[in-house]
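Sequence order for the protein chains is Y and A.
Anchor point for the first sequence: position 368 equals 368 in the numbering used here, and the numbering is continuous, going up by one each time.
Anchor point for the second sequence: position 175 equals 175 in the numbering used here, and the numbering is continuous, going up by one each time.
Hints may be right or wrong, so weigh each one.
Any copy will do: because identical chains look the same in the list, a pair fits if it lies in one copy or spans two.
Unchecked claim - With a straight-line Cα cutoff of 27 angstroms, these simulated BS3-like cross-link-like pairs (lysine-lysine) come out:
1. K216 x K184
2. K37 x K362
3. K634 x K446
4. K350 x K256
5. K37 x K73
6. K158 x K212
7. K3 x K55
8. K46 x K556
9. K362 x K46
10. K306 x K37
11. K355 x K37
No lab work stands behind these hints, which were simulated from the structure alone.
Protein chains: 2
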Amino acid sequence: MKKGYWLWHYGDYELFHIMSLHLRREERGYIRPAVWKLQGPYMNVKFVRRIECEKGYLFCHINGGGNISVNNKRYPSDTYITLEKGAYEVEIHISNNIGLPAIYIESDVCDCDGKWLCNHFAGEFTAAAYKSCFDSLDKNPEVFPFAYERKEPVGVRKTDEGTLYDFGTELFAYLNIANADKDKRIELYYGESEEEALDTAYSYITDCVCGKTEYKLRQRAFRYVYIIADADGMQVSADYEYLPFTEKGCFSCDNKLFERICAVAKYTFHLNCREGFLDGIKRDRWVWSGDAYQSARINRYLFADKEIEQRTLIGLVGREPVEQHINTIVDYSLLWFITLYEHYMTYGDKEFLRKIYPMAVKLMEFCEGRINADGFIEGVPGDWTFIDWSEIDKVGAVCAEQMLLIKAYSVMAEFAEILKLGESDYAEKSRKLKKLVNEYYWNEEKGAFIDSYSSGRKNVTRHANIFAVMYDIADEKQKQSILENVLKNESVTKITTPYFEGYELDALAKLGELSAVERTVADYWGGMLDLGATTVWEEYNPDQNGAEHYGMYGDKYGKSLCHAWGAGPIYLFGRYYLGVYATSAGYDTFMVEPKLGGLKQISGKVPVGDGTVSVELDEKQLKVTSTKAGGTLKWNGKEYELKLNETVVIEV
Amino acid sequence: MKKGYWLWHYGDYELFHIMSLHLRREERGYIRPAVWKLQGPYMNVKFVRRIECEKGYLFCHINGGGNISVNNKRYPSDTYITLEKGAYEVEIHISNNIGLPAIYIESDVCDCDGKWLCNHFAGEFTAAAYKSCFDSLDKNPEVFPFAYERKEPVGVRKTDEGTLYDFGTELFAYLNIANADKDKRIELYYGESEEEALDTAYSYITDCVCGKTEYKLRQRAFRYVYIIADADGMQVSADYEYLPFTEKGCFSCDNKLFERICAVAKYTFHLNCREGFLDGIKRDRWVWSGDAYQSARINRYLFADKEIEQRTLIGLVGREPVEQHINTIVDYSLLWFITLYEHYMTYGDKEFLRKIYPMAVKLMEFCEGRINADGFIEGVPGDWTFIDWSEIDKVGAVCAEQMLLIKAYSVMAEFAEILKLGESDYAEKSRKLKKLVNEYYWNEEKGAFIDSYSSGRKNVTRHANIFAVMYDIADEKQKQSILENVLKNESVTKITTPYFEGYELDALAKLGELSAVERTVADYWGGMLDLGATTVWEEYNPDQNGAEHYGMYGDKYGKSLCHAWGAGPIYLFGRYYLGVYATSAGYDTFMVEPKLGGLKQISGKVPVGDGTVSVELDEKQLKVTSTKAGGTLKWNGKEYELKLNETVVIEV
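With the rest of the complex left out, here is chain Y (with noise of 0.2 angstroms):
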């Protein structure tokens, strides 16, 4: 039977396509490419593999140049081979430097899948790689598979001098517009705010053109475009670029605000995930190490798609050589390695860890190259200490990014241990660390970690603290004075992304806060609603009024207003309300510890590896059902095994 596939090497996929991700960003006309060294695909490969067949035929058609040789004898690409009863050695080389190096094999005599071995001209044969979606010669995996959706405008509005079209909430898609004048010039202003589209000279994107009589431009993100044009009766549409995910987690609660913000959150998620993760779809259109570890926590509670982790991971820390910090930012290259472990927790990829652990453990070396005399990873020139958009006292060896480095190593002891890779010395290094931050950070007069302990400020923030609870690196004395101290404290700044709060939340529902939870969701959250935000903004400063919300960076629309890491109450209501969570690797065993918080009732569904496990409660009666064994149900002290397809009913 013929079967058929597209091959290519390990890797090359998600670095070509993170890559060219990387280089489309677009501002008033020009290109700006990510801020940090860019690698992409290699550049030749070599594919082999030995088929002993019946009488049959091979083909294959190389996307690049190159050549496949049986026993020997060469042909071009796209030759049906026939072969005969016998035994083949099958050498094929290809080299592709402007797009994706890859072969579609086709057989009906022999696998064409990850059988085939390969390597870069270089280095071991390892498995080639393959995804089943791309098993006929036209779906080139050099094309990220998207879905299209067309979509009309929902209001157009005639000013003095064009049209504006609003759409009715954020996209990402291909501008149509069909019978223009070919003689006339068509100016196009895109805006995630009307202000935007209608502020000509300031507006992020826009484009010109003139000479057809109709256009399909490139993709873009925006909900508005105001369109200036000398002619009528054009006809305008989009077609809206997304990944068809399933739903796999949902929640509904009483409270409708939370509806309404987990509605607005979900879509504000669903547009950033792309070929990775992206940070916003306008702005910066690029793969964040430290946004993408928040995209993966939501997207475990809702799409648990394992394949945009696993391109996010890979492009984020690229190959060899590691020359600087993901992003450049000290923080995000410590967050890869923990996203990387709550992947492996959530999808129980053992074969995945073990392909990508060696990139691991070099980038655990470059870091290691930056740790200063006392023993604490320190930024150099060029090194970006980001953590939060926030006043931190950044002088020396910040305390935050120990927090981090500490669940960096512990994280790299256990993929050490669960690839049997024999005794690491993570785990010391984890412990001795820990010992150091108490000893430099913690401060008993203000119960809480400082900053840094070098400019002598004793300045507290939030961010290190906040880590120090997600990452149990405080003990629970230290978690208690840390809440009252730093968390519940009005006088310690405030956070101001979605971003960290987040993570600050994490902390106070890992505390048990949840009315606090709720409080700042509603008033955070809620509030950017209330100025009819239709997808998450990236920053939300309550004191700001009218379009002062848009800007940032010092660019009037320099705010991204669709940004994935405002998506966090996703994870929060599933991790924390519904209280499902993975206790061992792929979900094998999970505890589901349901909480109402403030509200009255709450329902939904958390994927467990390849089940599902419902919740129902509210202040009657808790109902839980799981399509997957391994389960423990938590409730008022008691445990009760749940199993498989069995509904456990408690009257609470």
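Could you slot chain A onto chain Y? The hints should help.
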């Protein structure tokens, strides 16, 4: 005053062009990409410069995507930016994933050259690279600057089916066809030999075109083209593509055969001088390090073009990570170090040495990873122990490789000293290895070095012994023993490639055996000329007949008939007859030791740094003039200072 240059990241120009070259080899309708890992330029580059100026302008064209930021205001490519009197921080971000990332900068108020700094969005900032030939917007360095010359066929012969065009000598050229019938298909069969062009089922390079009346086909190597077309009246010509070198060195003598050999060698060599040193212009059309070592030696007595050597050295060593031997060949990695050393001695370009030295260290680290328990370098599976197309006992660690490593260590020690990098242990490693080699490989009974110590066969070939003489690893007594027992010993398998014949003649000449040199040149090179060669072949075996000479690698026309490594006599006559060689870097000091050998009269020129040495010698008189100071003439055991532009005349 307006100034303008193209700028790029150091190394990118070379890597881009050498990589492109390695993807261009054509054979029977398919591409044969090089069989080692290929590397291209960086994908994104950041250029920075501070400008303080009076009123003026700055213009930047980006080859790729990107933007120009002037005091944080961004502009698209091709903007004329007006600068008022003041100070400006300029930052240009560019990306190019399909070509050479480069910018053209023009200004009337600032330098547009290496005073700009750049990095690849990682690593230190270094001076931007530029070349004086790329000094206007239309001279894009992505297009390699070849020269062109129209060539007409010198012979046209009709056959029953088609027409054979003979261009008189091998070319690398675009074939032009004019006056074609656009409805008729045209089949083309190229040949280095007439036999190949006419043997349509087996010709190496073929093409088939239709649909136009004029064609300019892609550039290819050929002397003959056999064209089968239904139509008459077509006009065929070729656009010869070449580097417009100046001949800085020359040699003539009373032996007319030698003069013809030199002319053929010169043309062969010139055809193979392209983006880098090619092995052959039809096959493989790749840059091989061992071939390039020979080519560099020849170049220094002919064109003395520093640039092609540097492009070759950069293209071969690539960038981190070093994952395999250069061209996958153990000896080719080691010859790279020696090529670099001789390059430095010739041109004295310390800046180049400084830039490439870090990669030399990485390559040496890689080689040292291949050292076996006995202390010898040894290939592992995937490595190719080439040495020569000859029967060498390659069991375990092979002697010839150790000879190269001894020399490679010693040149690394010199590099470290030249660059004042403090103590290195390379010199010590060289000494130790030499001692070990004498212990394991020197066979007193055979009076020679044996190939392998581990096979037990004690096989002697010429190769290791030749290297031992060339690099003074053998002591004087060993050298005489090698001369008698190996080089003059007819029972030791003869060399069949001009590649190793070049080394053998170097060793013989060094030992003063000029009559042997002359005999071999006359027999071996003369033998090819007798068979009608207009360029030197890859291999010559006088025992073969007719079209047998064209076959190699199991392919009827697999042998390259225009192979650079056959141009060795140019080096030999310059080095040992005119007798000119550098004794310190860049020919700061040099020696002139003319020798007539068995000839009656010789004369010629050798480039020495920015000067030239002219030598005339016959049986009565020696005349030597140098246009560069620093030379010493050695004649009959006496030394004479060569004063600038003063001719030394000695009656002999």
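- Within a copy, between copies, both or neither: where do K37 and K73 come within 27 angstroms Cα-Cα? Only across copies: K37 and K73 sit 22 angstroms apart there, 41 angstroms inside one copy, limit 27 angstroms.
- Query: For the identical chains here, do K158 and K212 meet the 27 angstroms Cα criterion within one copy, between copies, both, or neither?
  - Reply: This pair counts as within: shortest intra-copy Cα distance 23 angstroms, inter-copy 52 angstroms.
- Give the relationship of K37 and K362 under a CA distance limit of 27 angstroms: within one copy only, between copies only, both, or neither. both (16 angstroms within a copy, 21 angstroms between copies)
- Item | Intra- versus inter-subunit Cα pairing at 27 angstroms for K362 with K46 | Result: close both inside a copy and across copies, 25 angstroms intra and 25 angstroms inter.
- Task: Evaluate K306 and K37 at a C-alpha cut-off of 27 angstroms and name the case that applies: within, between, both or neither.
- Result: Within one copy, since 26 angstroms is at most 27 angstroms while 31 angstroms is not.
- Within, between, both or neither: K355, K37 at alpha-carbon 27 angstroms: For K355 and K37, the Cα distance is within 27 angstroms both inside one copy (22 angstroms) and across copies (20 angstroms).
- Tell me, please, which holds for K350 and K256 at an alpha-carbon limit of 27 angstroms: within, between, both or neither? Neither: 41 angstroms inside a copy, 73 angstroms across copies.
- Query: Is the C-alpha distance from K46 to K556 at most 27 angstroms within one copy, between copies, in both cases, or in neither?
  - Reply: Close across copies (26 angstroms), not inside one copy (50 angstroms); limit 27 angstroms.
- Message: Within a copy, between copies, both or neither: which one fits K216 and K184 at a CA-CA cutoff of 27 angstroms?
- Response: within (16 angstroms within a copy, 38 angstroms between copies)
- Query: For the identical chains here, do K3 and K55 meet the 27 angstroms Cα criterion within one copy, between copies, both, or neither?
  - Reply: The answer is within: 15 angstroms in one copy meets 27 angstroms, while 68 angstroms across copies does not.
- Between copies, within a copy, both or neither: which fits K634 and K446 at Cα up to 27 angstroms? Close neither inside one copy (35 angstroms) nor across copies (85 angstroms); limit 27 angstroms.
When each numbered hint is compared with the structure, violations occur for hints 3, 4.
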